[in-house]
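S.K.: Here are the chains, one letter per residue:
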Amino acid sequence: MSAVAVGVFIFFFAFVTVLGFVAANWRKGDLNSLHEWGLGGRRFGTWISWFLIGGDLYTAYTFVAVPGLVFGAGAIGFFALPYTILIYPLAFLVIPRLWAVSRRHGYVTAADFVRGRHGSRWLALAVAVTGILATMPYIALQLYGIEVVVAALGFPTKGFIGELPLIISFAILAAYTYSSGLRAPALIAVVKDLLIYLTVIVAVIVIPMKLGGYGAIFANVSPEKLLLKPPADGNLNGYSVYVTLAIGSACALFLYPHMVTALLSANSANTIRRNMILLPAYTFLLGLIALLGFMALAAGVDKLPQYADYFAQYKSSFAVPALFLEMFPSWFVGIAFAAIAIGALVPAAIMSIAAANLFTRNIYKEFVRRDCTPQQETQMAKFVSLVVKVGAIVFIVGLPQQYAIQLQLLGGVWIIQTLPAVFLGLYTRWFDSRGLLAGWATGMIAGTWAVALQQFKAPTYALHFFGWTIPGYVALYAVILNIIVAGMVTLMARKLGWSRLPDETSAADYADGGAVRSVLSH
Amino acid sequence: MNKKWYWLLLLPYFAVMWVSSYNAAEPALLGIPFFYWYQLLGTPLSSLVIYIVYRATYNPDADKPDAHAVAEMGQQR
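As given, the protein sequences belong to chains A and B, one line each in that order. Here the working numbering is used: position 380 in the first sequence is 380, and no number is missing along the way. Here the working numbering is used: position 6 in the second sequence is 6, and no number is missing along the way.
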């Protein structure tokens with residue numbers, strides 16, 4: 001354990017803690033209102049949104065898992081790059097509509113929108129529950145990211161003393177999230193993202209220099225890991241897995257509650273559009289981070305005796321921490337690990353706020369206490385965000401880490417099932433809400449079953465179609481099935497003459513500007 | 001505003017789906033195999049495509065928060 005590394009680490013951690021509490025006074029607003037606590041007053045401009053959304057998207061788990069996947073599985077792990085390229089054209093098109101209608105109707109969550117648009121509180125409940133279920137393991141995995149770097153710093157990992165750093169960091173996080181709401185992670189995201197960019201840029205220049213250049217690094221990668229496995233004998237192999245992982249993950253990302261929260265906190269539709277142009281900088285960063293996995297392979301860190309125990313416990317997730325320990329001086333190790341650990345706090349805060357928003361608006365207020373005041377609403381949300389964090393700690397401490405990873409895998413398959421209700425709902429009311437509910441249920445069940453077939457180890461399924469074998473991402477297949485079922489039930493509903501539920505939105509609500517027009521059309 | 005510009009947003013999707021065009025090690029750049037540097041390059045290129053669509057479809061109304069909605073927010077739900 002290096003005192004310098006630990007010292008630098010604790011310095012940055014303390015710094016962002018102060019920021020977290022100070023954030024309550026930044027762009028002051030009434031933090032007893034859910035819009036202020038849960039959405040920062042919808043006032044974040046282009047650059048703060050860039051830091052917030054970027055800090056939200058690229059989590060501690062991302063930095064540990066993506067290179068870990070490349071380290072273990074090679075080229076297929078690189079899917080994170082096309083995935084995070086493809087989110088932006090889609091979001092550029094779709095999200096401004098969600099932003100506009102949410103602004104005009106005071107929606108705080110995607111489930112709020114679904115209730116207003118499709119008129120069904122049950123469909124909204126399905127969307128809310130899915131969101132909460134998908135978010136919980138993701139929060140737990142951020143803790144996992146902190147655990148890995150804390151272990152790498154030399155702290156004991158077993159027993160209660162091993163869990164202490166996690167508990168302390170999350171307790172502090174809970175405190176300033178409670179008082180400042182979304183403003184806290186927004187401010188901290190600036191520090192986090194600057195540290196991450198610094199760490200990665202230095203890493204991709206310095207480490208190859210030490211390893212003899214990129215040519216030497218890639219020479220160490222075995223041929224079957226270097227590239228994707230091409231199609232053969234009617235089996236699309238790596239090609240279909242790669243493409244479906246990229247497209248499926250891209251379609252699902254902005255459905256996650258924490259992404260919806262970050263996006264709805266923007267101050268204008270064009271702020272969102274501009275961010276879709278600027279955020280790809282993080283994608284480039286992610287590509288470089290992925291290459292760190294190959295550098296770890298070339299450096300042979302998994303073969304070094306001093307890391308043997310860590311690799312046994314954390315497997316390929318330890319690749320990047322080990323690489324940094326080997327290649328960087330202690331003070332920079334402190335900075336790099338602080339970047340990763342803080343990289344866990346920002347999304348964990350936003351995720352817990354988002355889950356709290358969902359529970360409060362779409363379960364508590366909708367089904368339990370319809371007449372609660374804005375203050376009561378916000379108090380409930382604050383309380384729930386605490387509960388959610390405690391739940392995450394209990395989960396990571398009490399259960400094998402494999403469970404969190406498997407649940408997160410499932411979470412990706414689940415959250416995409418809200419795509420028809422949310423994304424398609426932004427464009428059309430053609431689908432009947434009961435059809436959407438049936439489609440959602442089908443997608444959830446089929447998707448979960450398909451992942452179970454792989455013993456929850458990999459979210460892929462080999463589709464057999466007219467003689468072709470197409471292994472692909474379960475989430476994408478499940479949502480296609482979802483849409484087909486929704487369509488069929490909708491057609492049946494039309495034939496049987498079922499009544500349509502009300503839509504409280506109007507076409508103009510989804511368009512940019514034109515405030516006066518939308519008032520007149522109501 | 002010509003909505004046809006939005007079709008450009010499909011370009012990155014087609015590029016990703018055409019795997020055989022980039023699943024190769026050569027030509028390498030600075031020792032990095034084609035598969036990796038091509039996709040890294042795809043990032044700013046994709047960004048550029050979105051920028052072109054943004055400028056072509058730019059609506060200044062979308063720069064301001066909806067003034068009416070801001071005032072009404074206090075009364076909503």
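In short, the hints are calculated from the structure, not lab data. Certain hints may be false.
As the list claims (entries may be wrong) - Sample of chain B residues facing chain A (criterion: CB under 7 Å; computed from the structure): (1) Phe35; (2) Gln39; (3) Leu41; (4) Leu45; (5) Asp63.
Claimed, not checked - Pair ranges (Cβ atoms, derived): (6) Asn59/B / Phe160/A: 54 to 60 Å; (7) Ala24/B / Cys372/A: 57 to 63 Å; (8) Ala216/A / Trp18/B: 29 to 35 Å; (9) Ser499/A / Trp18/B: 44 to 50 Å; (10) Ser499/A / Ile52/B: 41 to 47 Å; (11) Ile201/A / Pro60/B: 31 to 37 Å; (12) Asn59/B / Ala216/A: 20 to 26 Å.
Computed from a predicted structure; not experimentally measured. Note that the Cβ used here is the ideal one computed from N, Cα and C, for glycine as well.
S.K.: All hints, please: hold or fail.
M.R.: So, going through the hints one by one against the coordinates:
{"no.": "1", "hint": "Phe35", "result": "6 Å, holds"}
{"no.": "2", "hint": "Gln39", "result": "5 Å, holds"}
{"no.": "3", "hint": "Leu41", "result": "9 Å, violated"}
{"no.": "4", "hint": "Leu45", "result": "9 Å, violated"}
{"no.": "5", "hint": "Asp63", "result": "5 Å, holds"}
{"no.": "6", "hint": "Asn59/B / Phe160/A: 54 to 60 Å", "result": "57 Å, holds"}
{"no.": "7", "hint": "Ala24/B / Cys372/A: 57 to 63 Å", "result": "60 Å, holds"}
{"no.": "8", "hint": "Ala216/A / Trp18/B: 29 to 35 Å", "result": "30 Å, holds"}
{"no.": "9", "hint": "Ser499/A / Trp18/B: 44 to 50 Å", "result": "46 Å, holds"}
{"no.": "10", "hint": "Ser499/A / Ile52/B: 41 to 47 Å", "result": "45 Å, holds"}
{"no.": "11", "hint": "Ile201/A / Pro60/B: 31 to 37 Å", "result": "36 Å, holds"}
{"no.": "12", "hint": "Asn59/B / Ala216/A: 20 to 26 Å", "result": "51 Å, violated"}
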